[in-house]
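Enquirer: Here is how the chains run, residue by residue.
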Amino acid sequence: MAMVKTEIKQIDPTSNGNNNVGGDNYSGGDNNGNNNNDGSNNNDKAQPKKAKTSPMLFLSLAMIPIVMFFGAIVFVYLAHELNRGWTPIRMPSAIVLSTIVLISSSFTLEIARKKLKAKLLENFKQWIMVSTFLGITFFATQLVAWKQLIAKGVYMEAVNPHATFFYILTSAHALHLLGGLVGLCYVLFGAIYYRFNADRRSAVDVATVYWHFMDGLWIFLFLLLFVWK
Amino acid sequence: MSKYLFSLDHKVVGLQYYLLALIALVVAVSLSVLMRLRLTWPEDVWPLLSKLLPSAFNSAGQMTPEFYLALMTMHGTIMVFFVLTIAPQAAFGNYFLPLQIGANKMAAPRIGQTSFWLTAIAFCILIMAFFVAGGAPLAGWTAYPPLSTITSGTGHARGMDLWLISLSVFSFAAILNSLNFMATILENRASGMKLMRMPLTCWGWLATAMISLLAFPVLLAAGLLLLLDRLIGTDFFTPNGMIVNGQILELKKGIPILWQHLFWFFGHPEVYLAILPGMGVVSHILSTFSRKPVFGYRTMVWATLAIALLGFLVWGHHMFIAGISPYLSMTFSFLTLTIAIPSAIKTLNWLGTLWGGKLRLATPMLYSIGFVSLFITGGLGGIFLGQSSLDIYLHDTYFVVGHFHLIMGSAAIFAIFAATAFWFPKVFGRQMNEDLGKVHFFITFIGVYAIFLPMHFLGIAANPRRYAEISQFIYLNQLQPLHKFITIAMLITVNVQLLFFINLITSIFVGKKVNNNPWQATTLEWTVNSPPPENNFNGEVPNVYRGAYDFSVPGATEDFLMQTQADNEPLVNQ
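Each protein sequence line maps, in turn, to chains A and B.
For the first sequence, counting from 1, position 142 maps to 142 in the numbering used here; every step adds exactly one.
For the second sequence, counting from 1, position 402 maps to 402 in the numbering used here; every step adds exactly one.
FYI, nobody ran anything at the bench for these hints, they're computed from the structure.
Yeah, the Cβ is synthetic: ideal placement off N, Cα and C, and Gly gets one too.
Straight-line C-alpha distance at most 20 Å; calculated DMTMM-like pairs for lysine to aspartate or glutamate: (1) B:K194 x B:D550; (2) B:K252 x A:E81; (3) B:K512 x B:D435; (4) A:K117 x A:D205; (5) B:K358 x B:E434; (6) A:K125 x A:D199; (7) B:K484 x B:E469; (8) B:K252 x A:E157; (9) B:K484 x B:E43; (10) A:K119 x A:D205; (11) B:K253 x A:E157; (12) B:K253 x A:E81.
Now the stretches of chain B that chain A is said to cover, found in silico as 3 or more residues with beta-carbon under 8 Å: (13) 181 to 187; (14) 209 to 221.
Please put together the full structure from these sequences, using the hints given.
Expert: Shown next as structure tokens:
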């Protein structure tokens, strides 16, 4: 059994270096509840802790400021709508396509994730490719929608605030979705080179959850801009 | 070189932030000196400065009122953001959070490094505002429209756009940094470091990170919308019918008060952001130097979280006379006064920590006691202002200026001084000079009271704020001697800060060398070398067995037990 040495030491603040009675040259903390000298193991010795940075935690935290950011813009939107009212612009037809494409891409991405969990790596790769393709298509449909508006002479400036908000909200959403697309491309490359499997899929999970989050945000914006009266 | 410039070591990031905050402090204090000189002696001529910035001075060489307002804007902006949001949280937090929770690094070192450089870039963008056509913006750090929507003229032009861009970049960087802090605290604590064993410094950083995540995005959104108003003529905030440079701006239907709601929804939590880490440091130091546990540790934690939460519910108290409904004012007033409760709890707990302790009056302790004093005095002013009926009179007077300068310009700065003196030995292995520190403390302590306490009287005497001079108003002329007193007190106090800088810089090289735990503190950072090795705990992370404030535990031989100590056996203490 380890003998615990009782030692009463006057602390001398002016002495240099470690006041290290134990005599070992362990330069970190040596108050480990067991006596280092005989290395007894009568309790938990400090284990080197692998710093686990869970990406999913980061994503959950990051979603908070994103919600607040869009919430602030929506707050301005509602304040203006209630205060001055406007004639809403007619929804560019490409928006319908955008919505369908984005919702589909969420579905395909979720299918991809399930395939990965079921260890069907080929299927996973294919569904990821479909999702990425749909994701890029979403951006294309957004551009088409913008072009449809500009063709009708509806710009961003203050003539019709509904138009201004449309441009602002869709561009903010597109910017955030672009980050999601970068993540999706990362997953795509990982899928192509078989870097993921059922146990190594935190990047896939994170990219998927973020994509769903952006999809949900899009649905909310769509309802706000074109459905809610 | 790039090892230090772009280091992933959280300690380097912390020091980078600290250096940025010091530079910002010097700049902002200089601006305030210029302000007070202009205010006290409005007719004075400025030969040197008028050569450097000719547009800021009239033909006789006197400072224009517009430049005074620009100084005021930049002083406020730099202080609030680049000193008080950075130093307590990003500087000390990045350096000491991992050490105090027993982690080898932050959760995302790359994010930490990126957020520092984004912040530094934001600072440069802001300073550029002085040197573009039209000069620095003059709309106040609050940037209310419609004043802030004007796009041409001195103080309105590119400088205002740069201000908005700078703060947008800053907001983004702050959000990144907060993500890093939250993830680190939630996931990287050593085994045994339960949340309720964390030092109160860490709780301060946690609460502040939570506030940042919720508040800064709103500032970011509002700033971008205001920028759009200015750049492409949208009308989120720009009202109809303004006459600018003889021209009527029509067809705008913006809502100026909407900006106020958004800004203060961010702005009020922002000030709690500035004070909460300082409160954590003060709790920590008071306990360490009283050789007593923090009085009511658990209550302190809940009070901190309560202040953080309630801080989001009171933004309207900045808008009592902005035209909001009196019923809304009543609600905000009530909620504002409820914040006094957790604040008072904390204050009483500090006093309770000191009471009956074996006080060691080293400089960190002196600064911390000074913090408590300044916080009480400044906080009492807040109780006046929080009542909407009184605020009708006191709003936009010097009473408000005195109030927030006692809390933010004095108490929060004292917390920074305290933290610097306290942790200096860990960063450099040497102690700051105690004699210089004591002189600095006493003169600064008296000095800030001499500067900011009279401002409450000025406010009650109806002295408005943000005026470049008061000599043209008969009812204010009689206050000029008090302004002179304040300015002289300020000049002395500002000069005494040289002592702090001299102390800080020379102690790095010739300060008294000390061992790893000169203050005989209990927390984990004092178990490692000074300065800590690059990976903090040399690959072996300590086990934590007790809370952070086990001082004077009955039965123990020493009057402190480090967090890594398993039982009351008088094992080796450093």
